[in-house]
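Enquirer: What follows is each chain in one-letter form.
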Amino acid sequence: MATTDITHDSLARIIAANRRTDVVMASIGILVLMVAGTLLGAVFIDLLASGWERLVNPDFYTNFPSRRPAQAGIISAVVGTSLVMLVTAVIAVPLGVAAGLYLEEYAAKNWLTDLIEINVSNLAGVPSIIYGLLALGLFVYGFGTGETILTAGLTLALLILPVIIVATREAVRSIPQDLREAAYGLGADKWQTVRLYVLPAARPGILTGVIVGLARAIGEAAPVITIGALTFIAFLPPAPLQIESPFINFDWLTSPFTVMPIQMFNWVSRPQAEFHINAAATGVVLMVMTLAMNALAIYIRLRLRRLQR
Amino acid sequence: MFKPVATTMLLLAAVSFHAHAADLVKIDGSSTVFPITEAMAEEFQKAERGKTQVTVGISGTGGGFKKFCRGETDISDASRPIKDSEKKLCVENGVEFIELPAALDALTVVVNPKNTWVDHLTVEELKKAWEPAAQGKITNWNQIRPGFPNRPLVLFGAGTDSGTYDYFVEAIVEGKSSRGDFTASEDDNMLVQGVANDINAMGFFGLAYYEENKGKLKAVPISWKGSKPVLPSVANAKNASYQPLSRPIFIYVSKKSIESKPHVDRFVQFYMDKRHAAALVKEVGYVPLPDKAYAAALEKSRKRVTGTVFHGAEVGVGIEELMARKPK
Chain P
5 MATTDITHDS
15 LARIIAANRR
25 TDVVMASIGI
35 LVLMVAGTLL
45 GAVFIDLLAS
55 GWERLVNPDF
65 YTNFPSRRPA
75 QAGIISAVVG
85 TSLVMLVTAV
95 IAVPLGVAAG
105 LYLEEYAAKN
115 WLTDLIEINV
125 SNLAGVPSII
135 YGLLALGLFV
145 YGFGTGETIL
155 TAGLTLALLI
165 LPVIIVATRE
175 AVRSIPQDLR
185 EAAYGLGADK
195 WQTVRLYVLP
205 AARPGILTGV
215 IVGLARAIGE
225 AAPVITIGAL
235 TFIAFLPPAP
245 LQIESPFINF
255 DWLTSPFTVM
265 PIQMFNWVSR
275 PQAEFHINAA
285 ATGVVLMVMT
295 LAMNALAIYI
305 RLRLRRLQR
Chain Z
112 MFKPVATTML
122 LLAAVSFHAH
132 AADLVKIDGS
142 STVFPITEAM
152 AEEFQKAERG
162 KTQVTVGISG
172 TGGGFKKFCR
182 GETDISDASR
192 PIKDSEKKLC
202 VENGVEFIEL
212 PAALDALTVV
222 VNPKNTWVDH
232 LTVEELKKAW
242 EPAAQGKITN
252 WNQIRPGFPN
262 RPLVLFGAGT
272 DSGTYDYFVE
282 AIVEGKSSRG
292 DFTASEDDNM
302 LVQGVANDIN
312 AMGFFGLAYY
322 EENKGKLKAV
332 PISWKGSKPV
342 LPSVANAKNA
352 SYQPLSRPIF
362 IYVSKKSIES
372 KPHVDRFVQF
382 YMDKRHAAAL
392 VKEVGYVPLP
402 DKAYAAALEK
412 SRKRVTGTVF
422 HGAEVGVGIE
432 ELMARKPK
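Which chain is which? The protein sequence lines are P and Z, in order.
The letter at position 109 of the first sequence is residue 113 when you use my numbering, and the numbering goes up by one with no holes.
The letter at position 122 of the second sequence is residue 233 when you use my numbering, and the numbering goes up by one with no holes.
It should be emphasised that the hints constitute simulated quantities derived from the structure, not laboratory data.
Just so it is clear, the structure is predicted and the values come from calculations on it, not from any experiment.
Certain hints may be false.
As the list claims (entries may be wrong) - In silico contact screen, one side only, chain P against chain Z (beta carbon under 10 Å); selected entries:
no.	residue
1	Arg71
2	Ala74
3	Phe251
4	Phe269
5	Val272
Yeah, the Cβ is synthetic: ideal placement off N, Cα and C, and Gly gets one too.
Looking at chain P on its own, in the form it has when it is part of the complex (with noise of 0.2 Å):
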């Protein structure tokens, strides 16, 4: 037999190789994530000391553009984002963990479900020009949706659709058959099995996608220019929530609106280096606004899982 030529020494050797090869490995993927994160870290502190200024000063959270730069403010771009953001997550989530959670466990394994698998890992690859082009045409022309709040976020949730639908499916899929076998032995329905075993198991997979998918949505500038968001904006949408009944108003998605990018763009272009200093600063706002959502998710993650013990 083969195995009485493995002496004590050669089994050290071998143990020994795979060691070294371990160690390598781990000192590449260091390597590889410090080279990122310090070309991220570079980054946000070149836009943190540019804009620092403006970053310090209240004003600038609380002032609507101007023409004069040190007078400029972000706020309509803040409300904007954060309202387009909170439409492209409302559609976007469910939607595209449905149609991952189908795809994977209901459709039959046909020709037509991996042309369909296909076609929506291809359009997670489509420019996002594209995606403002077809929504200029169907939302805004098409359903007369407007230039409005409600139309961008309709646009970014189509975008990001694809992302949330193939990270769906690949943390399905990760789950182990097994869990779903004992699911069944123990008499749950295919809608149990899903709901309690097979969608808790995947929701750190699901997240992940909705993250990377959102963190892409919140940046998008050309897409939201081709639908008709507004550059030069100096009112703010009506609140979502009023003190008389019925307490909450949807009149601010039909709302005219400006996102970050745009705003940043439109400094970044002007020939005043004080523009380029509010750029700066709005794009530290920006990360900012990317993390706090992510840790929403992260958050919202822990809370569900905790209520589910």
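Using the hints provided, position chain Z relative to the given structure of chain P.
Expert: Just chain Z now, with coordinates in the frame of chain P:
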């Protein structure tokens, strides 16, 4: 008990919706004109004490006209005159427009400050450097003028989608396009960096980008049809001596909007009021119109004179001459 409340709320909603719809001036179009319109909108909103809201987008001159000619906006910002195809779209949708100059811009040809050999350039020399036939052939400064040193020629210019590019090409090359082998960018600050970092560079962009970066760039005086070389400046653009690279930039106002919406009318009056317009235009880096042109523009908007005074490509026409023309 509930009925009056509900009725009041409906009424309130109707009133607020009405107020919202009635007092909005919708503007879209060129990002070149944007800083001026933004300044006007900001000051106008202050003057109106919140009664009127102005929104400004930057879809570009072409994108702006598409919306304008569909009747979606009240005013369109344009860095070039309306094209025939766009005019046709307006006619099809029954949108009549009043063409008003917003300001002047002096396209500035710049070189690196260490460039000692260029004291001026003629339009013919610029043409030699930029025409399509120069592609791959005119690659050295000494090919532009025999006295220039043997140095590679590095060109920077506005993106081919921009009104700035269109005007420069019409004025210099007298055609629709230039050579293709130059560094093009939609972001003028990139062009500033490019020319500032290369001693062999030549580039062009709006006057404001030169004025803000005077220390890093050298503006080139331009000689046209044998005239004495003229430096680009606010004064020389205003008195029409800097030619052919001075160009007017425009706003197009919908006749229907200005007639049916008093706040659009007030905004246009504000835009063309020389008492503050000239100062605002200057503040954002553009060349204000001469006083006479403001008066003529105001008159034109009051009389609701529609149509364009431009017929195809035209360069080197003074603003006062343009204002005196009758639109066809």
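Enquirer: Now, for every hint given, state plainly whether the structure supports it.
Expert: Evaluated hints:
1. Arg71: Holds. Min distance 4 Å.
2. Ala74: Status violated, d = 13 Å.
3. Phe251: 12 Å, violated
4. Phe269: Nearest chain Z Cβ about 9 Å off; hint holds.
5. Val272: 7 Å, holds
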